[in-house]
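Asker: From just these sequences and the hints, can you work out the full model?
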Amino acid sequence: MTLLAVERMKLFSTRSPWWCSLIALALTVGFGALMAGTANTETPLTVAATQFGYTFGLVVIMVMAALAITTEYRFGTIRATFLAVPNRGKALLAKTAVVAILAGVLGELAAFGSWGIGKLIKPASDLALNTPYEWRAVAGVGLVYAVAAVIAVAVGVLVRHSAGAIALLLVYVQLVENLVSLIPRIGNDIHRWMPFTMSAKFITGDPDVTLRNINEGPPLADAGLSPWPALLYFAGFAVVMMVIALAVANRRDA
Amino acid sequence: MIEAVGLTKRYGKTLAVDNLSFSVPSGRVTGFLGPNGAGKSTTMRMILGLDTPTGGTALIDGKRYRDLQQPLRTVGALLDAKWVHPNRSARAHLQWLARSNRLPAKRVDEVLEIVGLTSVAGKRAGGFSLGMSQRLGIAAALLGDPQVLLFDEPVNGLDPEGILWIRKFMHRLAEEGRTVFVSSHLLSEMALTAQELVVIGRGKLISQSSTEDFVTQATENTVRVRSPQLAPLRSALGKLGVSIRDEGEALVVSGMDCADIGELAAREGVVLHELSPQRGSLEEAFMQLTGDSVEYHTEIAEPGVPATLTTAGK
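If you read the protein sequences in the order shown, they are chains A and B.
Heads up: the first sequence is residues 1 to 254, going by full-length UniProt numbering.
Heads up: the second sequence is residues 1 to 314, going by full-length UniProt numbering.
Since the hints were made in silico from the structure, they are not lab data.
These numbers were taken from a predicted model, which means no experiment stands behind them.
Yeah, the Cβ is synthetic: ideal placement off N, Cα and C, and Gly gets one too.
There may be inaccurate statements among the hints.
Selected chain B positions facing chain A (in silico; Cβ < 10 Å) [said to hold, decoys possible]:
no.: 1; residue: 50
no.: 2; residue: 68
no.: 3; residue: 75
no.: 4; residue: 104
no.: 5; residue: 106
Answerer: Written out as structure tokens, the structure is:
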């Protein structure tokens, strides 16, 4: 608990987490408002459609999480941390936990904020959360953000440089996972098993694709698992990354 | 008490620290002296568990740093004053450190008071001058009221006032019975600050002794004699088998003190215009001992006068 308090103090006594949080919320909720504003009788506002902006928020959250650790390397405070807490595993896990909790809270704020603003702009539309699918589409965003934050921290520990870590994360999330499906024959099969495809699957679920308009929500995921196992798969990937990061941090000269 | 036993650190082909053994006693200021690149910082980082030694161990009161519970209560260290997030206030920086070792929050205000930063405690550390940063670093080192303190080049880049403050501060800490281990590449500074010296060059131990002994051993004590009748004096001295060096109209004699030379001159009836003891400078002593072990010589430097010695660097 002490270490969680320490990492909370460290995180909130600098400015970038505040900025990133604001940007993440503004992007997601702003997109929710945009979707609500452009909805009409032909493409009515749905629960899924309010969550269109979650992937943009996800990117900002990952930047925040990566910065939380890379700035420590940048300014040498990681050494001050390791001097105060020589058990590096504990120190880094505490940081990861604090960042993940913040990411989770922001995810819920972003998702319910987007949903709420939709309700506000289009009170007539049917935005009731009735099905498990609708619940996952909104409440699930926090879980995905939290797991993504763990991945970003792990990459931050491994790469140590802010620019490098952020570039790697952005290129991977935005390009690599999508471009993989261009590989002839095996590309689509690989794509189905990539971690962020899995996270998208958890959010967008298994609706009947043929009945769904493109404007009704984030792009559908073509993942190899059903939603909850997909989230577990995503979390498993985060755990593996974290284990590698901790092992490297323990061996490496600080 | 800090003990290094066979400490070794290898980076690829370079041996940064080579089988280094020494001990740092409590109640004294011990200087850790060596030219730039001699391995001082690496050694300190190994003592503090930041770098893993390739071989050997470093113990603080018999324990490895990584095995210490709440290490800030045992060891305080200032390795780099810039290890502070620039957007964090001085107080916030000390607060999280204090919390990490379960130190009371009021201790933060106490150490701020000790180093004289109370008035700027709420300001962001990024705007601090080097001197203020050093003070903040010292405040952090003192947080847990530790018995062992390590400082890496604490006076680097400070103005004379800051240097004096740090020097007095170290003495005070040692007088309180603490172990104070402070590195520097400036012998003149260490001669004023340290009572004990651990001298290294190229990662190897050159000597460990009291500062006084080090200076005496290292500097050649000579006597300068000036006389209008140098020739008879030279032959008289020559018979005694002491070494003599000609310096124009003067002789520099080593192995004989002023009194003996004066009496000899009286017996020989030689008039003396000057008879003065010469003390080798500390820098000369340092060069003499570490001269072969300076890693980076500059092209234009005279033999044995490496220009790198005068520049600060870590």
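Asker: Could you run down the list of hints and mark each one as holding or not?
Answerer: We went through each hint and held it up to the structure:
1. 50: holds (4 Å)
2. 68: holds (7 Å)
3. 75: Nearest chain A Cβ about 8 Å off; hint holds.
4. 104: This hint is violated: residue 104 (chain B) lies away from chain A, its Cβ roughly 13 Å from the closest one there, beyond 10 Å.
5. 106: Result: violated, 16 Å to nearest chain A Cβ.
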